[in-house]
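Residue numbers (my numbering), protein chains in the order written: chain X, 1 to 368; chain W, 1 to 399.
These aren't lab readings, by the way, just hints derived from the structure by calculation. Each hint should be verified, as a subset may be incorrect.
What the hints assert, rightly or not - No farther apart than 25 Å at their CA atoms in a straight line, the calculated lysine-lysine pairs in the DSS-like style are these:
1. W:K311 <-> W:K193
2. W:K257 <-> W:K234
3. X:K266 <-> W:K182
4. W:K54 <-> W:K29
5. W:K389 <-> X:K266
6. W:K307 <-> W:K257
7. W:K307 <-> W:K389
8. W:K240 <-> W:K311
9. X:K266 <-> W:K193
10. X:K255 <-> W:K54
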Amino acid sequence: MDFNPSDLQRMLLDSAERFLADRFTLEHRRGLRATADGLDTEAWSTFAELGWLSLRVPEALGGLGGTMADVATLATALGYNCVASPFTSSVVIAPTILTGADQPQEALLEAIVGGTARVALVHDEPGDRYAYDKPRGTTAALRDGAIVLSGQKLLAVDAPSASHLIVTATIDGDLALVLVPSDGAGIEKSPYPLYNDQRAADIRFDDVAGGTLLARGAAAQALLTQALDLGRIADAAQMVGSMEADLAICSAYLKERQQFGQPIGKFQALQHIMADMFVATHQARSILYAAIASADADAAPPALARMVSLMRINLAEAYQVVARQAIQLHGGYGITDEYEVSHHYRHQLVLEKLYGDVDHHQRRLAAL
Amino acid sequence: MDFIPDPSLDAFRHEIREAINADLPTDLKEKQIAYAGSQNEPEDSLTWMRILDKRGWAVPHWPVEHGGTGWSPMQLYIFNEECTNAFAPDICWGSSHMCGPVIYTFGSDAQKERFLPEMRRGDYYLAQGFSEPGNGSDLARLRTSARREGDRYIVNGQKIWTSSGYFAEWGFFLVRTDPTVKPQAGISFLMIKMDTPGITVRRIPQLNGESDLCEVFLDNVEVPAGNLIGEEGKGWSYAKFLLDHERTTSSFIFFNKREVARARAIAEAETQDGVPLIRNPVFRDRLTRLEAEATALEWSVLRELSKEEFKYHPTAAASTLKVAGSRLQQAICELEMDLLGARSLRKFAYDAHDRDAAPLWPDYSETVTPRALVMRASTIYGGTLQIQKGIISKLAFDL
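Chain X with its partners taken away, still in its complex shape (with noise of 0.2 Å):
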């Protein structure tokens, strides 16, 4: 076992931490507010520059063919610097369920590696919570030969700057993934930010044509399963980055605040809040690497989502102790726009909840 990183992850950790701290101040996330779709597509651009998009892309298909511990060494960094973007989706997920398709979708995956192309997983529907092995009340029907498709989603996350959505669909009783562009006609996006300001969207189908079958049946099953754990992966090393950030934010200002005459360290009570918060950042980054290591050794889909749900629980606690705790710390400043620890609440907030709370990985564990 080495915890150290490799030379192409200290490579990767080096130029995120200077691009992402530069780039993605705390003023320039606020004015992302303002943009259309919440996406800096200056920044996007030099992700692809960097090779970041190319992670998992496997290398026979003009990728890198990183590890998950890669992507989890750059997914740390974009969540220590607060960077809510459509990272998961469409540098994990989206390449996950394109290389596993029936055909892999090369010409697709370039496009992402490129910068060009971003894709969005659009599952949930009215009334799921935390549905991903029900079927799905969007249908997907063969017409002439091509797919047509028809359906209300609810809550795409990363929809409103996708260029293409992978949408779950019932096929003759079968699950199907089904690829389409998302300016087709008769797809009516409905988009708003969530409390971290990533971007999500309610679409709906009217006799969408033009789409192209990734899978279906059992494979799209396991296909959309892997993607979820690989992405719940990468959405819980953008937290553990974030607690860290919270860690670096509140000692700094424990030692800079003075009340009754001294820093606000040195008060045992908050020493021990911060000690805490400490314990369960450390244990967090522990069970993200357990995760990782199952995902990294292609372990049997049961085991990955064992060991992904008891991560993801435990991550789920820890980050109310950590953000919920940074913003005690502050004070009044905490629940302000206008300080680091709200941004970092809501990110985590918002990472927890996607893909599956605890009491979905409870119900997950007690079934598998």
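For chain X, the structure is supplied; the task is to place chain W on it using the hints.
Here is chain W on its own, set in the frame of chain X:
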């Protein structure tokens, strides 16, 4: 011991409920049900006070000679509970619970005559100018100065966390009138009109999208000396008096009881594979624990109201209500949010109600998350959780 409430209170509760039902405008009530912020819009407080004042109920806890009702503590408790359950806006606490009591206890007759009727009628909103950027928990070292020049004070400094400061016509400020004595002894209590030249108010954007809290900058603000309440140098004891005045309000017992019921309603409405979440053991467990905690809190408040003889310092009991109540507020609002799962994550515009544009989303999805986010402040304002714990260990146990 007699644990049974006086049965005559049932009739009183009935009377209050009927009156509120008759008086509370539907639009005000609906706005309050769907409110995403920490309290309510300040203008709604004034509207409600004006309505209550017609029955003589705007400030029921004040002494009768200043417009109070003379109700017993249990009657006041019932009145406040009924207002909260009806989703009435809060009244302006700056006037009713803070500045008003200081004025009727320590003010001159002229000041009582000048301020109390206006405050009672809801003529204007009152801002609190206590905390400063460098002095929150350590309030006694506040630095905003008031220098006496003839018949006026010249005030310079900066205040922060002033609720609805942008809307208030008057503010009550703690200022340093004597920098030479020990910090607590040099503080005075000053009424300042918020449109006085030299005052600048900035609204602070908060994490839930609202911007009710304000910074107040005071630059050579001239204040008539007659606006000093009580004696110069006694401001600290007045501030302590008002913070101690209403021991039970910091429990937010009525909010907590109402919201735990709302959490239950959401748990009944939200489903997992067609089964209401109230039947999911994870969520049912969380809800019933909070219901137990709210019940305990209610009886802690009743013990306080009925003047139970208490072997510890009374302020330790007040801090207990604050500690338990503020944690409960957070836990309930966060349960409401968690019940929605990923659907709690959508950020609706704070001011414009998007609900008509979002028919696929339940009404409450618009408000539970912003409320849960801003509820992080409940363990910060009015003395942080850590300050409260320090008070308890010191006053109850002399540690």
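Margin query: Please list, smallest to largest, the hint numbers that this structure does not respect.
Written below: Violated: hints 1, 2, 9, 10.
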